[in-house]
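Novice: Here is what each chain is made of, one letter per residue.
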Amino acid sequence: MTTLVLLSLLGFLVLFLGAFEQKKAILPVVIAGLSAAFVTNALSWDTSQTFYGMMRYDNYAVSFVGLMIFSVLMIMLLASYHFRNEDSHIADIYALMIFTLVGGLVMVSYASLVMLFVGIEILSIALYILAGSRRMNLSSNEASLKYFLMGAFASGFLLFGITLMYGVTGSFDLLVISDYVNGNEELPMLFITGVLLILIGFSFKIGAVPFHFWTPDVYQGTPTLITAFMATVVKTAGIAAFFHLFDICFSAIDGVWFNILWVIAAATILLGNVSAVMQNEAKRMLAWSSVAHAGYLLIPVLALNELSASAIFYYTAAYSVASISAFAVLLGISQFSNEMPVDQYKGLAKNNPIMTTALVIAMFSLAGIPPLAGFFGKYFVFVTAMESNLNIAVIIAIAGSLIGIYYYFKPVIFAFNQEVPPIEKIKGNAAFNFVLFAGIIISLIIGIFPDLLANLPGN
Amino acid sequence: MEELMGSFNTIGIQHYLFLSAVLFSIGVTGVLYRRNFIVIFMSIELMLNAVNVLLAAFSRFNGDQSGQVFVFFIMVVAAAEVAVGLAILVMIFRNIRSTDINALRNLKW
Amino acid sequence: MLGFPRSELQIMEVQGSEYLPLLIQLVFAFGFVAMVLIITHLIGPKRKSAKKLESFECGIESQGNARLPFSIKYFLTAILFVLFDVEVIFFYPWATNFREFGLQGFIAMFIFVALFLLGFLYLFRKKAFTWD
Chain V
1 MTTLVLLSLL
11 GFLVLFLGAF
21 EQKKAILPVV
31 IAGLSAAFVT
41 NALSWDTSQT
51 FYGMMRYDNY
61 AVSFVGLMIF
71 SVLMIMLLAS
81 YHFRNEDSHI
91 ADIYALMIFT
101 LVGGLVMVSY
111 ASLVMLFVGI
121 EILSIALYIL
131 AGSRRMNLSS
141 NEASLKYFLM
151 GAFASGFLLF
161 GITLMYGVTG
171 SFDLLVISDY
181 VNGNEELPML
191 FITGVLLILI
201 GFSFKIGAVP
211 FHFWTPDVYQ
221 GTPTLITAFM
231 ATVVKTAGIA
241 AFFHLFDICF
251 SAIDGVWFNI
261 LWVIAAATIL
271 LGNVSAVMQN
281 EAKRMLAWSS
291 VAHAGYLLIP
301 VLALNELSAS
311 AIFYYTAAYS
321 VASISAFAVL
331 LGISQFSNEM
341 PVDQYKGLAK
351 NNPIMTTALV
361 IAMFSLAGIP
371 PLAGFFGKYF
381 VFVTAMESNL
391 NIAVIIAIAG
401 SLIGIYYYFK
411 PVIFAFNQEV
421 PPIEKIKGNA
431 AFNFVLFAGI
441 IISLIIGIFP
451 DLLANLPGN
Chain F
1001 MEELMGSFNT
1011 IGIQHYLFLS
1021 AVLFSIGVTG
1031 VLYRRNFIVI
1041 FMSIELMLNA
1051 VNVLLAAFSR
1061 FNGDQSGQVF
1071 VFFIMVVAAA
1081 EVAVGLAILV
1091 MIFRNIRSTD
1101 INALRNLKW
Chain E
2001 MLGFPRSELQ
2011 IMEVQGSEYL
2021 PLLIQLVFAF
2031 GFVAMVLIIT
2041 HLIGPKRKSA
2051 KKLESFECGI
2061 ESQGNARLPF
2071 SIKYFLTAIL
2081 FVLFDVEVIF
2091 FYPWATNFRE
2101 FGLQGFIAMF
2111 IFVALFLLGF
2121 LYLFRKKAFT
2131 WD
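Protein chains in written order, with my numbering: chain V, 1 to 459; chain F, 1001 to 1109; chain E, 2001 to 2132.
No lab work stands behind these hints: they were computed from the structure.
Beta carbons are placed, not taken as given, at the ideal position from N, Cα and C, and that holds for glycine.
Do not take every clue at face value.
[Claimed, not checked] Cut-off 25 Å, straight-line C-alpha distance, at most; resulting in silico cross-link-like pairs (PhoX-like, lysine-lysine):
| id | chain 1 | residue 1 | chain 2 | residue 2 |
| --- | --- | --- | --- | --- |
| 1 | E | Lys2051 | E | Lys2127 |
| 2 | E | Lys2126 | E | Lys2048 |
| 3 | E | Lys2127 | V | Lys23 |
| 4 | V | Lys427 | V | Lys24 |
| 5 | V | Lys23 | V | Lys427 |
| 6 | V | Lys24 | E | Lys2126 |
| 7 | V | Lys350 | V | Lys427 |
| 8 | V | Lys410 | V | Lys427 |
| 9 | V | Lys350 | V | Lys410 |
| 10 | E | Lys2126 | V | Lys23 |
| 11 | E | Lys2073 | V | Lys24 |
[Stated by the list, open to error] Stretch-level coverage of chain F by chain V, calculated; a stretch enters the list once three of its residues show a Cβ under 8 Å from a Cβ in chain V:
| id | region |
| --- | --- |
| 12 | 1021-1031 |
| 13 | 1064-1075 |
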């Protein structure tokens, strides 16, 4: 709770630093504030408090919030590099990112469906603005509008599901709903409809097939920095909230949703990977790859056993670190340009070894090559699935990963292409290089010592 | 007359349920079929308000106040959403001078 | 049907007689409007001229169309009004339980309003209220 208050106040503070033209102070304040939030969050480990039945800040919440704060910190550093020459709206962008983080925090610690909705909306509304933060750019406008329409549409489904559930059980409290589910053999049709509507709402939010169609467009049109934010923080919050709800409330009625979610997960993995292969735009490829990763992340939700929470946490951690590196490299190469063909990576190895290393590590980690973090992420997901006898889902996921290797190698091969004259030298500043270094080192460390994070959310 | 009054007697929760399901479906259809941003916004609002009607009815039905408080939350969030949505719309209108969603086909696969 | 046992449905039902005055009122309201419309149509003289068909028959002649685009500056004011206006609904549940909440509730509401003022201050600094 301290973390929540701290982050909200930090958001306001940054907003006012911007409004009162204290541009120099913003970045230090943001970094200090986020670090403080990280510490207070870590201090709530094993305290597990409940606030008025609305929020439960347990170890599950602490781990995911820690991960999200870390991702935001990295993205803020990237932002300080990206906006080094342009400082008109930087305070607002930072503040909106912090508010998004607040929404994400609520989404992983809710104990009542009311807070789930409020969390999702805090996160989404700030993101609609961030997606359109390049006002004169038509692609950014379009992405913002599409994201807004899809987000609001999905919220409608989610709300209708929540309402039906409230009508049947008489409460928004997750524990009451869970008692109701466990105490009744035969559930009313309304309740089942509610579960399915919530499933649809969440599928929209995390971009799972067949509700994924907005993802590539929005990811491509959004400014690259914000795309990195969407692919990491938002995906983490979404999948953590999804799992939290299904774990607490609906584990006893998997007959209702299991087959549907199975098909969604399998279709997401296959379609995401196959579509990513066909892309010529680097950013669009990463967008489709994030769709595919949402599919992998749905498998532990499907398995829903005692290993699921840690598998999801490890996977999101590995995926976030690798994605931030991948987007950082993309940001470094393309800067403010909107055109990002994959062959833009040509000649990168010659002129910037740090970026190349980061690119290689990130792509290999996303593809799941041992001994990087991404490999163990997939490994834990598969172990979780095997525990619940989801063998066919695992086979589909492995097939998807094999397809994935092809398109993740494309940028790497282009980077080592010797024939073309090297593109003009790209110079990153200290913050940018720090993010790249952190990405390389963390991917390696949590890959070589997976036990560091493997049991984190606990039970 | 007795018969007429009898039909009033049966206004139960399922009537609210049907009303709100119909409103919600109209909203969904509007979002999917209309091509004007503003009409789509209105359809989304209709979806949210269908939910509000149902929440108020369920709240009364369950004898529990929390449903009505949730309605407040939905209203506030809807207002914030509309503010952002209209701002996005104004931003787009400044660039393309149109409110037709088909004018936006920059990003596609 | 729909999973609700029949007995639970009874809770929601209202006595039909409570609706009777409402029904009578409705019948009168619609009946009166229909009657007046029909009677004026029947007994009134009919004279049609261009002047007669103007929106405002007497007074200054109207100019142009009312559906003109107007300044986008109104948009910001209108949206800000909607935002600040809607937040007030959280005062209702607080106001009805004002005494029970005591000092703690007062402090909570104070913080709530303070956050508004902060938002207002931000808008002020961002010159959202300056017309030019």
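Novice: Does the structure break any of the earlier hints, and which numbers would those be?
Specialist: 1, 2, 11
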